[in-house]
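> Take the sequences, apply the hints, and build the full model.
Residues in the sequence shown are numbered from 1 upward in steps of one, following this note's numbering.
Think of the hints as simulated: they come from the structure by calculation, not from any bench.
Some hints could be false.
[Claimed, not checked] Pairwise CB distance ranges, derived in the manner of DEER restraints: (1) G521 to Q452: 46 to 54 Å; (2) A131 to R331: 46 to 54 Å; (3) S386 to R331: 40 to 48 Å; (4) R331 to P57: 28 to 36 Å; (5) G521 to E403: 53 to 61 Å; (6) E492 to P354: 38 to 46 Å; (7) E469 to R214: 45 to 53 Å; (8) A131 to S364: 30 to 38 Å; (9) P385 to R214: 22 to 30 Å; (10) R331 to E404: 52 to 60 Å.
Glycine included, C-beta positions come from ideal geometry on N, C-alpha and C.
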Amino acid sequence: MAEAVTWLLLSGILVCGLLLHTASKQEEDVNHPNAKPNFIIILADDIGWGDLDANQPEEKANNTPYLNLMAEQGLRLTDFHSPASTCSPSRAALLTGRYGLRNGVTHNFAVGSVAGLPLSEVTFPQLLQKAGYYTAMIGKWHLGHNGPYSPTNRGFDYYLGIPYSNDMGCTDTPGYDLPHCLPCVTYGPQVMRFQRRAHAGCYSKVGLPLIENRSIVEQPLDLWTLTEQYQSAATKMIRNARERGQPYLLYLALAHMHVPLAPPPPQDATITDVYSASLREMDNLVWAVKSAADETDNTLIWFTGDNGPWEVKCQYAGSVGPYKGKWQTSRGGGSAKRTTWEGGHRVPTVAYWPGRIPANTTSSALLSGLDIFPTLLSLARVTPPSDRRIDGIDATNILLHGEEAGHEFLFHPNSGAAGRFGDLQTVRAGKHKAFYITGAAEACGGASGRQQLHDPPLIFDLEHDEAEETPLQVQTPEYQAAALRIARRREELLWDIATDESVSTADYSTDDSAAPCCDPGHAVCRCSTLG
Numbered sequence: 001m002a003e004a005v006t007w008l009l010l011s012g013i014l015v016c017g018l019l020l021h022t023a024s025k026q027e028e029d030v031n032h033p034n035a036k037p038n039f040i041i042i043l044a045d046d047i048g049w050g051d052l053d054a055n056q057p058e059e060k061a062n063n064t065p066y067l068n069l070m071a072e073q074g075l076r077l078t079d080f081h082s083p084a085s086t087c088s089p090s091r092a093a094l095l096t097g098r099y100g101l102r103n104g105v106t107h108n109f110a111v112g113s114v115a116g117l118p119l120s121e122v123t124f125p126q127l128l129q130k131a132g133y134y135t136a137m138i139g140k141w142h143l144g145h146n147g148p149y150s151p152t153n154r155g156f157d158y159y160l161g162i163p164y165s166n167d168m169g170c171t172d173t174p175g176y177d178l179p180h181c182l183p184c185v186t187y188g189p190q191v192m193r194f195q196r197r198a199h200a201g202c203y204s205k206v207g208l209p210l211i212e213n214r215s216i217v218e219q220p221l222d223l224w225t226l227t228e229q230y231q232s233a234a235t236k237m238i239r240n241a242r243e244r245g246q247p248y249l250l251y252l253a254l255a256h257m258h259v260p261l262a263p264p265p266p267q268d269a270t271i272t273d274v275y276s277a278s279l280r281e282m283d284n285l286v287w288a289v290k291s292a293a294d295e296t297d298n299t300l301i302w303f304t305g306d307n308g309p310w311e312v313k314c315q316y317a318g319s320v321g322p323y324k325g326k327w328q329t330s331r332g333g334g335s336a337k338r339t340t341w342e343g344g345h346r347v348p349t350v351a352y353w354p355g356r357i358p359a360n361t362t363s364s365a366l367l368s369g370l371d372i373f374p375t376l377l378s379l380a381r382v383t384p385p386s387d388r389r390i391d392g393i394d395a396t397n398i399l400l401h402g403e404e405a406g407h408e409f410l411f412h413p414n415s416g417a418a419g420r421f422g423d424l425q426t427v428r429a430g431k432h433k434a435f436y437i438t439g440a441a442e443a444c445g446g447a448s449g450r451q452q453l454h455d456p457p458l459i460f461d462l463e464h465d466e467a468e469e470t471p472l473q474v475q476t477p478e479y480q481a482a483a484l485r486i487a488r489r490r491e492e493l494l495w496d497i498a499t500d501e502s503v504s505t506a507d508y509s510t511d512d513s514a515a516p517c518c519d520p521g522h523a524v525c526r527c528s529t530l531g
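The structure is reproduced here in structure tokens:
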């Protein structure tokens with residue numbers, strides 16, 4: 001009897017010890033004092049703040065059910081902004097943590113661009129790669145496709161994707177566009193001139209290539225199998241990295257909304273159904289990647305957008321939600337992509353990290369894609385470069401601990417509408433937003449508001465006027481205080497950039513021979529190595 005009692009006591013001690021060890025191990029896994037976290041950055045092209053159902057639950061759209069669930073399981077950032085309002089500058093700023101006036105990328109690169117993101121710039125994938133991470137990029141690059149400017153020379157061990165936007169090359173089965181683009185020509189040798197058809201936006205002479213690492217594997221690619229190929233490559237990469245026990249970075253840049261990319265809808269579908277189908281196609285891909293990542297612990301998934309909707313595409317464009325830029329739209333012209341109105345740069349953003357980011361939380365901290373660079377380096381315990389100025393802030397405490405202290409000031413660069421590319425003529429300071437220039441962006445239907453300089457600047461109170469409809473009266477104390485504060489900070493930043501020895505300059509020259517082409521002897525460079 002005594003032996004039995006002793007055995008039971010010892011068994012209980014062993015069980016308790018095992019439970020304590022398991023709990024301790026789980027706590028260690030959650031806190032990860034030694035293990036480096038995995039990172040998945042998902043960048044959606046031309047997505048509107050209102051395209052995330054969770055941002056507008058009253059609309060009951062049900063276009064992003066999986067992203068909605070990810071938001072319920074993580075953190076929804078409601079005041080998050082792309083670093084620019086068009087493709088290349090936004091991506092360059094995200095990867096470097098620096099405004100375009102510092103990193104040199106102030107407007108988009110072309111099909112025939114000979115260069116890209118300046119080689120003097122350092123990307124966070126390069127730094128993570130040096131720290132032992134396996135790094136992969138899948139999707140749209142748009143930061144230079146030749147030689148040293150390609151993804152595998154800018155910090156990525158593996159790349160699969162398109163070198164620029166999905167409408168910057170013809171395909172045999174074009175995506176939905178407005179106006180509609182015709183299929184690639186199928187006759188005659190390739191003539192290396194980048195002529196467009198009668199309307200802007202349709203490239204007819206060079207097929208859109210699919211590139212794996214440094215080789216073109218299909219040209220023109222099949223748009224309708226692209227999502228499947230991305231999903232297969234992404235999930236394979238995640239599982240392979242897990243089997244190796246190596247931390248990883250996956251940068252997934254999806255162009256589903258740039259020109260709507262989804263399976264053809266039913267014959268009786270409306271035009272808006274096309275865009276909704278594209279959102280659902282993207283949402284399904286995000287969920288497949290999340291499911292693969294959830295098979296292991298310690299993975300931060302950060303979903304955001306490169307800029308707002310391309311409203312010139314009318315029904316093929318997304319929703320800005322309540323951020324309509326009414327001051328501008330009432331005077332003609334656009335107020336989304338390419339502009340510095342809220343619809344141009346306030347983007348849907350969700351951060352998910354089981355055990356680290358509290359579930360079902362929301363933050364209104366003022367943040368930007370600039371902040372991804374310093375935040376990931378901080379979480380990976382990688383020292384940022386000391387020879388250059390970083391404009392992003394470390395958002396770790398906002399993500400993990402619910403702090404609300406974001407940017408005190410955030411600058412929105414001119415991105416192809418009014419003003420000179422890259423100039424910082426729109427400034428956010430708390431609830432106030434100042435415009436020194438407006439106009440010159442095309443809206444649905446083709447109208448463009450005239451460019452206007454504002455001295456003194458227009459200042460809006462976003463807390464009470466999210467639609468940016470009625471600026472503050474210049475003579476009010478609120479306006480005077482905000483204007484003085486913003487002007488001082490703007491002058492300080494411009495002086496800081498002017499005296500910054502780490503400023504880079506991008507080469508925007510083009511040459512016909514710089515276009516990606518796997519076989520110049522065939523029409524549209526046609527070739528395929530896919531089985």
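> Each of the hints needs a verdict: does it hold here or not?
Consistency of the hints with the structure:
no.: 1; hint: G521 to Q452: 46 to 54 Å; in the structure: holds, 51 Å
no.: 2; hint: A131 to R331: 46 to 54 Å; in the structure: holds, 50 Å
no.: 3; hint: S386 to R331: 40 to 48 Å; in the structure: holds, 46 Å
no.: 4; hint: R331 to P57: 28 to 36 Å; in the structure: holds, 32 Å
no.: 5; hint: G521 to E403: 53 to 61 Å; in the structure: holds, 59 Å
no.: 6; hint: E492 to P354: 38 to 46 Å; in the structure: holds, 41 Å
no.: 7; hint: E469 to R214: 45 to 53 Å; in the structure: holds, 50 Å
no.: 8; hint: A131 to S364: 30 to 38 Å; in the structure: holds, 32 Å
no.: 9; hint: P385 to R214: 22 to 30 Å; in the structure: holds, 26 Å
no.: 10; hint: R331 to E404: 52 to 60 Å; in the structure: violated, 34 Å
In summary, the structure is inconsistent with hint 10 from the numbered list given earlier, while agreeing with all the others.
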